[in-house]
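Chains as they are written, first to last, in the numbering used here: chain A, 1 to 289; chain B, 290 to 796; chain C, 797 to 1131; chain D, 1132 to 1466.
Warning: the hint list may mix true and false statements.
DSSO-like mimics (lysine-lysine), calculated; alpha carbons at most 27 Å apart, straight line [claimed, not checked]:
(1) D/LYS1463 x C/LYS925
(2) B/LYS427 x C/LYS1128
(3) B/LYS494 x D/LYS1260
(4) D/LYS1260 x B/LYS427
(5) B/LYS628 x C/LYS925
(6) A/LYS118 x A/LYS223
(7) B/LYS494 x B/LYS475
(8) C/LYS923 x D/LYS1463
(9) B/LYS628 x C/LYS1128
(10) B/LYS628 x B/LYS427
Just so you know, the hints here were simulated from the structure itself, not pulled from any lab data.
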Amino acid sequence: QDIYIPLISKGFQHQFWQAVKSGADQAAAEFGVRITFEGPDNETMVDRQIDMLAAALANNPSAIGFAALDSQAAIPLLQQAADAGIPVIAFDSGVESDIPATTATTDNVAAAALAADKMAELIGGAGKVAVVAHDQTSRTGIDRRDGFLNQIEANYPDIEVVSVQYGAGDQLQSTEVAKAILTANPDLVGMFGTNEGSAIGIVNAIREMATEGVTIIGYDSGKAQTDAIREGLMAGAITQNPVGIGYETVKAAVAAMNGEELPAIIDTGFYYYDQSNIDDAEIQAVLYD
Amino acid sequence: MSYLVEMRGIEKRFPGVHALKSVQFNLRPGEVHALMGENGAGKSTLMKIMSGIYARDGGEMFVDGTPVAPDSPRAAQDLGIGIIHQELSLMNDLTAAQNVLIGREPRRSFGRLDEPELNRRAAEIFASLRLAMDPRTKVSTQTIARQQLIEIAKALSYNPRVLIMDEPTAALNDAEIAELFAVIAKLKADGVGIVYISHRMDEIKRIADRVTILRDGAYIDTLDAADTPLSKIIQLMVGREVTQSRATVPDLSQAPVALEVRGLSRGKDVRDVSFSVRKGEILGFAGLMGAGRTEVARIIFGADPRDAGEIRVGGYAVDILTPHAAVQAGIGYLSEDRKHFGLAVDMTVRANIAMANMAQFTSRTGVLDEGAMKRIAVDYISRLGIRTPSDMQAVRLLSGGNQQKVVIAKWLLRDCDVLIFDEPTRGIDVGAKSEIYALLEDLAAQGRAIIVISSELPEVMRLSHRIAVMCEGRLTGILPGGAQTTQEQIMELATRRDSALTVAEDA
Amino acid sequence: MTTTTANTPQTMLSRIIAAGTHQRVLAFASLVVLLIGFSIASPNFMQTSNMIAILQATSVNGVLAVAVTLVIITGGIDLSVGTMMTFCAVITGVVLTYAGMPLLLGVFAAIATGALCGSMSGTFVAKMKIPPFIATLGMMLILKGLSLVISGTRPIYFNDTPGFSLISRGSIIGDIFPAMPIPNGVLILFIVAGVTAYILNRTVLGRYCFALGSNEESVRLSGVNTDRWKIAIYALAGGIVGIAGLLIASRLNSAQPALGLGYELEAIAAVVIGGTSLSGGRGSILGSLIGALIMAVLTNGLRVLSVAQEWQTVVTGAIIILAVYADMMRRKGAS
Amino acid sequence: MTTTTANTPQTMLSRIIAAGTHQRVLAFASLVVLLIGFSIASPNFMQTSNMIAILQATSVNGVLAVAVTLVIITGGIDLSVGTMMTFCAVITGVVLTYAGMPLLLGVFAAIATGALCGSMSGTFVAKMKIPPFIATLGMMLILKGLSLVISGTRPIYFNDTPGFSLISRGSIIGDIFPAMPIPNGVLILFIVAGVTAYILNRTVLGRYCFALGSNEESVRLSGVNTDRWKIAIYALAGGIVGIAGLLIASRLNSAQPALGLGYELEAIAAVVIGGTSLSGGRGSILGSLIGALIMAVLTNGLRVLSVAQEWQTVVTGAIIILAVYADMMRRKGAS
Ligand SMILES: Nc1ncnc2c1ncn2[C@@H]1O[C@H](COP(=O)(O)OP(=O)(O)OP(=O)(O)O)[C@@H](O)[C@H]1O
Ligand SMILES: Nc1ncnc2c1ncn2[C@@H]1O[C@H](COP(=O)(O)OP(=O)(O)OP(=O)(O)O)[C@@H](O)[C@H]1O
Ligand SMILES: [Mg+2]
Ligand SMILES: [Mg+2]
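Sequences and hints are given; from them, build the entire structure.
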């Protein structure tokens, strides 16, 4: 009888989630378990995720990995899993309950605050900046936006955030959003993109409008973003450790099945990378493209 | 004298068309007043004004001597004016009963429908028309003739004081027409005033009390039907003399066979039909409604599948499965239902005339030659006398008869070896009819084989070199054309039912 | 052969089924084939708990499909059902959580909000003569934005209204027959479908649905106030969407303001798979229900089989085409 | 009043415009009102660079709208254009990046792939008699899944084909007239629209588009091989979608396999705003172009004004309804 661990993620097609999946696959091979990895098309589909969870439970899994789109909505099903003795590992975002044995996650608020610090440093602590965010309502979207905004507000009084707009993480839409922001604010000195699609949208906009003097800070990796950093178009970006998240989730699931003690949070960490350190082994290990 | 309805100095203009020029019309209670005129003379337009569908541009209208201006069909209904339209306007997905009583459904509490009561009432109305129709049959499964009857039932169900019938018999056969006339007689006796529009001249003599004639949107005259000869009416309508003649049957025994059909069958609609047409021959098809003539034509044309049978064109067996294949094999088919099967009514006259013959107007790169299309369209417009402001008019805006002429033009242009015309002169005026007869005879003389399906016996007898008669899906006989065949002979074959066999097959 | 023709004296339920099956045995066959296929492929598929999961996954989309069926039968389309559902949920959240009103008022608010929004769409279509596609596309965007505005772009939780989550998650049937713990959400779906089928086939409103879709001009010329009826039909559809809003909010125990986009396409797909014609005049509620079930079974089955997600999409697309094709073939064979 | 009515001897361009304006001055007026309104509201709006940004934002959706116009005029609908565009981009990525073929072959591959997919949809519709909604919904899912499968769910970059990004971003016009740095993507949109308008109004294929949408049965009974023409029309639309795939891939310098869903609704919206009827038989390419521009101007203008995102959605919805309403009113006034 094989050990089956379904991972229900928040997304599937995006590079970030594919990197999480590759980490999970790696761990699955290492520990000799079978995993599946699924997620809804976008991060608004809370009920679709619940349906996925229900289907996963039908297969009598040994453990479940779950990245909750809304931490409350899934509780009845998670309770059902707990009652059946199936360990639940939360990843990426926490679940507000004591059911998950542990949570493998990045502190997005702190990571975005680091982006704000880097931005302030690069633009000399003053000027107008804007944010292209990927989502208005999802946990990561809110955390990264607010992490950045709050840090600026608290520590950099001379920096003004003139616009926060949303491009759904879609590269093309984010490009149009960034172009409109640049048109409306010709004196902009910095832009922060809260995920890969948003950051690349900003890069595209700058490229297409041939604007100069705007400092771009991105989030996540992906080839287009690392290329933009190497070229110098983008100053730098925050990266999480998605491969690590996937790996730790499966590893923790196996441990939980074996009744081992687990810490409440497995912080998989985040890093700021730019031209200077992009080729460091430590950074290379967490970048994906 | 008191008129039920009186109209004076009525004016109506459409873009590019002065449809009515100071027209007058009046109607007495208990009379049948025929409204006559060529296609596009303005008959339907005048009646649409009377029934509140169009607003008049000028003139006045009185009901019982009071000036009125009905601004909607509902308002006209409230004045007691009902209309049966020339173009069918039923809800195809609903049943006969649901159509007849739309807007007046018997209800229970909370808006619940009383369906049995609905069906009962509709059945009563059908019975009063002596129409054998299950109230629960869906309209879309009915032939246009029967749909026309449903439309008539619907108009009658309002108990109108004025009933306008715009070509009610265009799709009906003789038996149904007789039933309709019986209903009209009853209505007359009840004091209902009836406006009757038809291109079937014989009907005027049979039922009309008075006749009003329009020509080119202008009022010509109102006459007593009893003491006016038909020829006079026709002359006033058309503005010239129209001669009626019988077919001269040429000797075609040596002519090669153009189309041969053997053992054609499809369910119960068509059973083992075999016949052939020679080059230069006009073969008429007679029969009652639902005899299966249309079905035979549609099968030959590949529009419907067949269960069995062989089709040979010019001596070679051809396997016709689609209309495209039929046209490739040189067969053309003019459908009896122009609105659904004959025309793209939103497109222009020019585009419709060219539709079956696009290759002629297409360069090798696929570009259309609009100039050539225009020349051809203008040519047919004048040859068939199609009343239209230009060849770029949307067909939808033409009068019914003129739409029919567009379909005829389409197939005349295609120039097929075998042409099947299904009810070709439906809704066409006497003048234009004889033009079309002449065109058909011309085509036959050029060596084309022509099949004419018609429910008007005079038409079949006027045109046919031979007359095929069908009854209940079976070809019951083929009679020679010309003077030696009588209506009685045709009717005898058309009603030669084979009920014993039918029962056996049904069992 | 619409479903409006049944009139022999039978019970209501059997009538509806009879009316439906007349044309609908067909898509039903595809559903059965799918169920059998998945049962053979995976032993985990045909478990009571999984069947219930499928039914529950159908509930929201099923109710939306019922709503949109009404509009489609009139010859229209409703793209706003997804975001309207969310909007109704958000309004319920405001009523229950922010204003602390009693549960019943929340339920009423959801349905009334839906009916109001629907009657607005209906007014755009009937009175302003805006094509239904555009009118409801506009409503879809307006309601999407308003949901975010009203909720302050964050979910509204129903933790203070304990009974609320029972609307969808509780199980009245399960309380009586413990062997069949069918959630109330599913029960509500079937009740909504049954009542709507009754309205469609046995009341004036339903009659005008079919009549408008068949030939609107002819209905108008018969002196029926088509505008008013059309608005009523859109309003009824809106009210049903309000019920969907309750179901999803109760299931998630929260009103998620960003959710909703994309649900309209899924609901319309269920309707069309169920044999309702997008050109109007023909259709049945039972068909839409079966359409929604086909989609839910397909999604669930492929997941239970652990088919890779990218292939799930491919297979779903192919099976939808095949199911409708099989349906067409059988219908042709039958006629 | 279809657009097929132009026939006075004029130049091709003026003919197309004349054919369009006949019915289309109308939506055009809404566009002008929007442009004037935004210019007054924000000084930054009416800059050359922003106008070019709007045009560029229109390019992909505009090309998709042109493609979908053809299908809608036949009385069909195409839900697959968004994911088909992505699929074409992915295939181009495979040809250029994975197989290292020359640029021209990549261009050919995109268009051929689109045409092939389109002819498949067309076959489902014409031969298998599957309703266009379902046939193209199925294709939408199939192509979405296949894009992920073929690309291995990661973007394919075109870094090895340096000329590729010039397809959309370069500016031939700008090289000649430096004051008008209109990107090639925009030029391509106008060329595609012009050629398609010519095909629609001056060739047999176009004539059959309108005829099929007007009354398919009458066309079939005129002996036309309607199936073949329908497939050809869907294939042409697919080929145009292939061009959209090239434009988006070139603009992003990568084939993004996850993108595409939602683009179909936007394209259809542009078509309907442009006055093409969803019931077929009527429509114009110029209208769809104007529809796409209206949507791009609206989105861009609201963003330049920094309206809060949730309100942007609300205002967009309201303005779409209003624009179409104004259009209806003027059309009524004109007739
Ligand atoms: N809505 C309209 N728009 C433009 N022209 C119209 C419209 N309705 C009718 N016409 C034109 O008005 C004229 C009169 O048409 P009408 O339908 O009254 O003729 P009719 O006498 O009923 O002919 P028929 O015997 O062929 O039915 C025709 O030339 C027709 O083309
Ligand atoms: N009484 C009827 N009720 C319903 N359908 C009928 C009836 N009579 C005939 N039909 C249908 O009509 C078709 C065969 O008649 P068809 O139209 O070919 O006859 P026709 O001789 O051309 O008569 P018509 O004068 O009506 O055109 C069949 O599809 C048959 O089912
Ligand atoms: Mg007339
Ligand atoms: Mg017939």
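Cross-check of the supplied hints:
With a C-alpha separation of about 11 Å, the suggested pairing of D/LYS1463 with C/LYS925 holds against the 27 Å cut-off. Distance check on the hinted pair: B/LYS427 and C/LYS1128 sit about 18 Å apart at the alpha-carbon level, within 27 Å; holds. Simply put, B/LYS494 and D/LYS1260 have alpha-carbon atoms about 51 Å apart, too far for the 27 Å limit, and the pair is violated. Only pairs whose Cα atoms come within 27 Å are accepted, and D/LYS1260 paired with B/LYS427 is accepted, the gap being roughly 23 Å.
A threshold of 27 Å between alpha carbons decides the hint, and for B/LYS628 with C/LYS925 the separation of about 25 Å falls inside it, so the pair holds. A distance of roughly 21 Å separates the Cα atoms of A/LYS118 and A/LYS223; the hinted pair therefore holds under the 27 Å criterion. Between B/LYS494 and B/LYS475 the alpha-carbon distance is near 18 Å, which keeps this suggested pair within the 27 Å criterion. A threshold of 27 Å between alpha carbons decides the hint, and for C/LYS923 with D/LYS1463 the separation of about 14 Å falls inside it, so the pair holds.
In summary, the hint linking B/LYS628 to C/LYS1128 is supported, as the alpha carbons are separated by about 25 Å, within the 27 Å threshold. Between the alpha carbons of B/LYS628 and B/LYS427 the distance comes to roughly 19 Å, so the proposed pair stays at or under 27 Å and holds.
Checked against the numbered hints listed earlier, the structure breaks hint 3 alone; every other hint is satisfied.
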